[in-house]
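S.K.: Letter by letter, the chains look like this.
Protein chains: 2
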Amino acid sequence: MKKLNTSPISGMQELLPKEQAIFNNYKETIREVYRHHGFLEIETPTIDRAEILFAKAGGDTEKQIYKVIKTEEAADDADQALRFDHTVPLARYVAEHESNLSFPFKVTQVGRNFRGERAQKGRFREFYQCDVDIIGRNTLAAENDAEVILTLNEALEGLNLPERLVRVSNRKILAGFLDELNLQEVAKEILSIIDHAEKVEPEKVKAWLTELNIGEERVAQVLEFIEISGDADTVTRKLKAFGFASEKFNEGVEELALVLRTLYGQGLHDSAIGDMKIVRGLDYYTGTVFETIIPSRKEIGSICSGGRYENLAELYSDQKFPGVGGSIGLTRLFFLMSEFGMIKGDSEKPVDYAIIPFDSTEREYCFKFAERVREKGFKVDLVWSDKKLGDKLKYAASVAKYGIVLGENEIRSGEFIAKDFETGEQTPFVL
Amino acid sequence: MKKLNTSPISGMQELLPKEQAIFNNYKETIREVYRHHGFLEIETPTIDRAEILFAKAGGDTEKQIYKVIKTEEAADDADQALRFDHTVPLARYVAEHESNLSFPFKVTQVGRNFRGERAQKGRFREFYQCDVDIIGRNTLAAENDAEVILTLNEALEGLNLPERLVRVSNRKILAGFLDELNLQEVAKEILSIIDHAEKVEPEKVKAWLTELNIGEERVAQVLEFIEISGDADTVTRKLKAFGFASEKFNEGVEELALVLRTLYGQGLHDSAIGDMKIVRGLDYYTGTVFETIIPSRKEIGSICSGGRYENLAELYSDQKFPGVGGSIGLTRLFFLMSEFGMIKGDSEKPVDYAIIPFDSTEREYCFKFAERVREKGFKVDLVWSDKKLGDKLKYAASVAKYGIVLGENEIRSGEFIAKDFETGEQTPFVL
Numbered sequence: 000m001k002k003l004n005t006s007p008i009s010g011m012q013e014l015l016p017k018e019q020a021i022f023n024n025y026k027e028t029i030r031e032v033y034r035h036h037g038f039l040e041i042e043t044p045t046i047d048r049a050e051i052l053f054a055k056a057g058g059d060t061e062k063q064i065y066k067v068i069k070t071e072e073a074a075d076d077a078d079q080a081l082r083f084d085h086t087v088p089l090a091r092y093v094a095e096h097e098s099n100l101s102f103p104f105k106v107t108q109v110g111r112n113f114r115g116e117r118a119q120k121g122r123f124r125e126f127y128q129c130d131v132d133i134i135g136r137n138t139l140a141a142e143n144d145a146e147v148i149l150t151l152n153e154a155l156e157g158l159n160l161p162e163r164l165v166r167v168s169n170r171k172i173l174a175g176f177l178d179e180l181n182l183q184e185v186a187k188e189i190l191s192i193i194d195h196a197e198k199v200e201p202e203k204v205k206a207w208l209t210e211l212n213i214g215e216e217r218v219a220q221v222l223e224f225i226e227i228s229g230d231a232d233t234v235t236r237k238l239k240a241f242g243f244a245s246e247k248f249n250e251g252v253e254e255l256a257l258v259l260r261t262l263y264g265q266g267l268h269d270s271a272i273g274d275m276k277i278v279r280g281l282d283y284y285t286g287t288v289f290e291t292i293i294p295s296r297k298e299i300g301s302i303c304s305g306g307r308y309e310n311l312a313e314l315y316s317d318q319k320f321p322g323v324g325g326s327i328g329l330t331r332l333f334f335l336m337s338e339f340g341m342i343k344g345d346s347e348k349p350v351d352y353a354i355i356p357f358d359s360t361e362r363e364y365c366f367k368f369a370e371r372v373r374e375k376g377f378k379v380d381l382v383w384s385d386k387k388l389g390d391k392l393k394y395a396a397s398v399a400k401y402g403i404v405l406g407e408n409e410i411r412s413g414e415f416i417a418k419d420f421e422t423g424e425q426t427p428f429v430l
Numbered sequence: 000m001k002k003l004n005t006s007p008i009s010g011m012q013e014l015l016p017k018e019q020a021i022f023n024n025y026k027e028t029i030r031e032v033y034r035h036h037g038f039l040e041i042e043t044p045t046i047d048r049a050e051i052l053f054a055k056a057g058g059d060t061e062k063q064i065y066k067v068i069k070t071e072e073a074a075d076d077a078d079q080a081l082r083f084d085h086t087v088p089l090a091r092y093v094a095e096h097e098s099n100l101s102f103p104f105k106v107t108q109v110g111r112n113f114r115g116e117r118a119q120k121g122r123f124r125e126f127y128q129c130d131v132d133i134i135g136r137n138t139l140a141a142e143n144d145a146e147v148i149l150t151l152n153e154a155l156e157g158l159n160l161p162e163r164l165v166r167v168s169n170r171k172i173l174a175g176f177l178d179e180l181n182l183q184e185v186a187k188e189i190l191s192i193i194d195h196a197e198k199v200e201p202e203k204v205k206a207w208l209t210e211l212n213i214g215e216e217r218v219a220q221v222l223e224f225i226e227i228s229g230d231a232d233t234v235t236r237k238l239k240a241f242g243f244a245s246e247k248f249n250e251g252v253e254e255l256a257l258v259l260r261t262l263y264g265q266g267l268h269d270s271a272i273g274d275m276k277i278v279r280g281l282d283y284y285t286g287t288v289f290e291t292i293i294p295s296r297k298e299i300g301s302i303c304s305g306g307r308y309e310n311l312a313e314l315y316s317d318q319k320f321p322g323v324g325g326s327i328g329l330t331r332l333f334f335l336m337s338e339f340g341m342i343k344g345d346s347e348k349p350v351d352y353a354i355i356p357f358d359s360t361e362r363e364y365c366f367k368f369a370e371r372v373r374e375k376g377f378k379v380d381l382v383w384s385d386k387k388l389g390d391k392l393k394y395a396a397s398v399a400k401y402g403i404v405l406g407e408n409e410i411r412s413g414e415f416i417a418k419d420f421e422t423g424e425q426t427p428f429v430l
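Chains H and D, in that order, give the protein sequences. Each residue of the first sequence is one higher than the last, beginning at 0 in numbering that gives the first Met the number 0. Each residue of the second sequence is one higher than the last, beginning at 0 in numbering that gives the first Met the number 0.
Careful, some of the hints might be misleading.
Remember, identical chains collapse to one label, so a pair may be satisfied in a single copy or spanning two.
[To be verified] Distance condition first, Cα-Cα at most 30 Å in a straight line; then the derived BS3-like pairs of lysine-lysine:
hint, residue 1, residue 2
1, Lys-66, Lys-26
2, Lys-348, Lys-26
3, Lys-198, Lys-348
4, Lys-62, Lys-343
5, Lys-2, Lys-348
6, Lys-66, Lys-2
7, Lys-393, Lys-239
8, Lys-386, Lys-367
9, Lys-239, Lys-66
10, Lys-17, Lys-203
11, Lys-203, Lys-367
12, Lys-17, Lys-276
13, Lys-62, Lys-2
14, Lys-375, Lys-205
15, Lys-237, Lys-319
16, Lys-297, Lys-2
17, Lys-367, Lys-205
18, Lys-387, Lys-247
19, Lys-187, Lys-2
20, Lys-66, Lys-203
21, Lys-319, Lys-375
22, Lys-343, Lys-26
The set of hints was computed from the structure by calculation and includes no laboratory data.
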């Protein structure tokens, strides 16, 4: 008989139990930080209305959405697809349930999203994202932008990553800047150029801008603008030096300074900067935007990002829901951490005690013994196997820190020996 | 502008944050018990090869599998679909990774599966299943069947369900019984009749059997067989009374007695019986089969079930991997528990302390204050809002147990008051 191909389909991360245990610990660490910052957990369906998902996708994303074929038995249903992020289902959720929610709605979603992008090493088609969002009704205070960044930063802290840098900007600054220079008509192009500026040589950026036919002077001003980065004081000073009257521009500068200074007040003096190269994609964001990098591992790119959006649910509701949120892409981050040897604790055994009955004669006793060790809070594997004792011990050593053999002698005398599989040391075990 | 439909598509469970918190607690309780019994967590992709999923589906399941359309950018990929259970991907996983696994492989999967069945109240098209499995290589000791049942039972214990009853049978008994009566040719029909026997009147069962043209005597014997239920001694005595020589039959009786007696030894004297009505579907299982019900809520049906299968990965590997496993269908169980008012603790607030800055003048201080309360292990929401104090307090009371207002006076004096939103009581709060 022909045997089937058993590898997971491409773009899927499938871990061995040991790696999975570390991955799950990371996920729990992140969830724990989010919850301790007062974010409420929700879960939206994996499958959602195609109408909803495609309405908000746009651009490349649309080509990456997995459509789902309705089954014969559920043919009555709406057209459907797999969610590609947490934000679109969140918008639907807020519009649907708003009368049962309290605002500001501090919410977290940790789950799998799906994007069928071109196959590429380190890019996944099914991946965990760990999101936090704060949604206001009508208004939302700017301090919440800082709260989101601080929460995400604390979560990353828990993963034992090397030193990080949070780069922050504000889309109002860029929008006001383009207004002042009368560049609204090529706003999208300039946004895209800034967004890609770091991936190419400076000459290339200048060439792109020159192609826009906006005149040498404005090319120079844009180049000057995107080079602005530094601490709150530096960035504020350089931006104010343009002398722009644009309300939007100056509001953006104020908000950026507020966010940065709040971060400095909470210990991020040396690890948060303002940086005009941060744009975070073409549309969607309207205020604060940020991303976190590992300066010693710049090649990794952004490991966490997000920003402020003015109207989350405009497609579903007449009410205004401004929000700010951010996300850690855990599947990709975990892959990169493995690649770069940043994962700690991978030798940790998943089980504390393996209890190994010598044979089946004292079955009831062995089950009870294992249960009593569990009651002490330990993870206990009771090893039932027809194999020889040597084979059972070999298995036990592969999953557990300690092994206890229960033979006739041990059971009669009530004296047990725990063997440390790491050191070989044997010590009496008292139940 | 036309506003889009924001309800989740039918058959999807979407919970409010309060309900979600309880659901997540249940899920964590189950995972915790599984891990303490030495089961290793793995996670298989949601999307798998259509070839793999359809090979094992069969019958009604095939009509319920969601096929996924490959995206433009990932058109190179294999045909794919959404997993409908954890067992099929587990079989693929074991065959794929067997050289990196230790056997017996004690494994758990807790995640979402997908079945597009006909819409029906209390049936979900996307649902959590919480599985445990023990997979052997070549052989697997019968004690593992009891270990799976005990683990699942302890997990259900943690959900504070009313008294439960585990009903156990063994497919070898039925197979041997049909051999002895020369009923192999109508084995499938009889299996199906027994599987449905409880949902209809006894006359109906007799009529179905009579339709098979197997003669009055054999109809009577089958009816006698399926009525057998009771404790290990009773069931063994009644089954042995048939006087059958079939090795399969007697092996099944021995195994059933071993499993039941092991359960009795661990405190399930009054809550585990042998019951010949338990079949668990048409194919797949080859030994022990079991299901758990709530006797005071029989209408709910089985809340947990599973069994022994002889060859998990026969489609993918030449090696033999016998296994035993079981599953708690948490999404459906949670829905039923809500319906029947069995959910406790639904008034629990997700946040411990809401810290409410009077205004933004002492921003840095307030962020620090909240962080220090978090460091004590509490879940803390820092409430930034442009609203009036009364509105902020109203919000705070909706999510938190206690509220602390940080105004000029409090900050200057360093004396803080925590208000218990439940009782209205105000007590000094010492940082």
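S.K.: Indicate, hint by hint, whether the structure satisfies it.
M.R.: Comparing the hints with the structure gives:
no.: 1; hint: Lys-66 / Lys-26; verdict: both (28 Å within a copy, 29 Å between copies)
no.: 2; hint: Lys-348 / Lys-26; verdict: both (18 Å within a copy, 23 Å between copies)
no.: 3; hint: Lys-198 / Lys-348; verdict: neither (41 Å within a copy, 47 Å between copies)
no.: 4; hint: Lys-62 / Lys-343; verdict: neither (37 Å within a copy, 45 Å between copies)
no.: 5; hint: Lys-2 / Lys-348; verdict: neither (33 Å within a copy, 53 Å between copies)
no.: 6; hint: Lys-66 / Lys-2; verdict: both (29 Å within a copy, 22 Å between copies)
no.: 7; hint: Lys-393 / Lys-239; verdict: neither (69 Å within a copy, 40 Å between copies)
no.: 8; hint: Lys-386 / Lys-367; verdict: within (22 Å within a copy, 59 Å between copies)
no.: 9; hint: Lys-239 / Lys-66; verdict: neither (48 Å within a copy, 56 Å between copies)
no.: 10; hint: Lys-17 / Lys-203; verdict: neither (45 Å within a copy, 52 Å between copies)
no.: 11; hint: Lys-203 / Lys-367; verdict: neither (72 Å within a copy, 44 Å between copies)
no.: 12; hint: Lys-17 / Lys-276; verdict: neither (39 Å within a copy, 40 Å between copies)
no.: 13; hint: Lys-62 / Lys-2; verdict: between (33 Å within a copy, 24 Å between copies)
no.: 14; hint: Lys-375 / Lys-205; verdict: neither (67 Å within a copy, 52 Å between copies)
no.: 15; hint: Lys-237 / Lys-319; verdict: neither (34 Å within a copy, 71 Å between copies)
no.: 16; hint: Lys-297 / Lys-2; verdict: neither (44 Å within a copy, 43 Å between copies)
no.: 17; hint: Lys-367 / Lys-205; verdict: neither (75 Å within a copy, 44 Å between copies)
no.: 18; hint: Lys-387 / Lys-247; verdict: between (76 Å within a copy, 26 Å between copies)
no.: 19; hint: Lys-187 / Lys-2; verdict: between (52 Å within a copy, 27 Å between copies)
no.: 20; hint: Lys-66 / Lys-203; verdict: neither (38 Å within a copy, 44 Å between copies)
no.: 21; hint: Lys-319 / Lys-375; verdict: neither (52 Å within a copy, 36 Å between copies)
no.: 22; hint: Lys-343 / Lys-26; verdict: both (15 Å within a copy, 27 Å between copies)
The structure fails to meet hints 3, 4, 5, 7, 9, 10, 11, 12, 14, 15, 16, 17, 20 and 21 from the earlier list, while all remaining hints are met.
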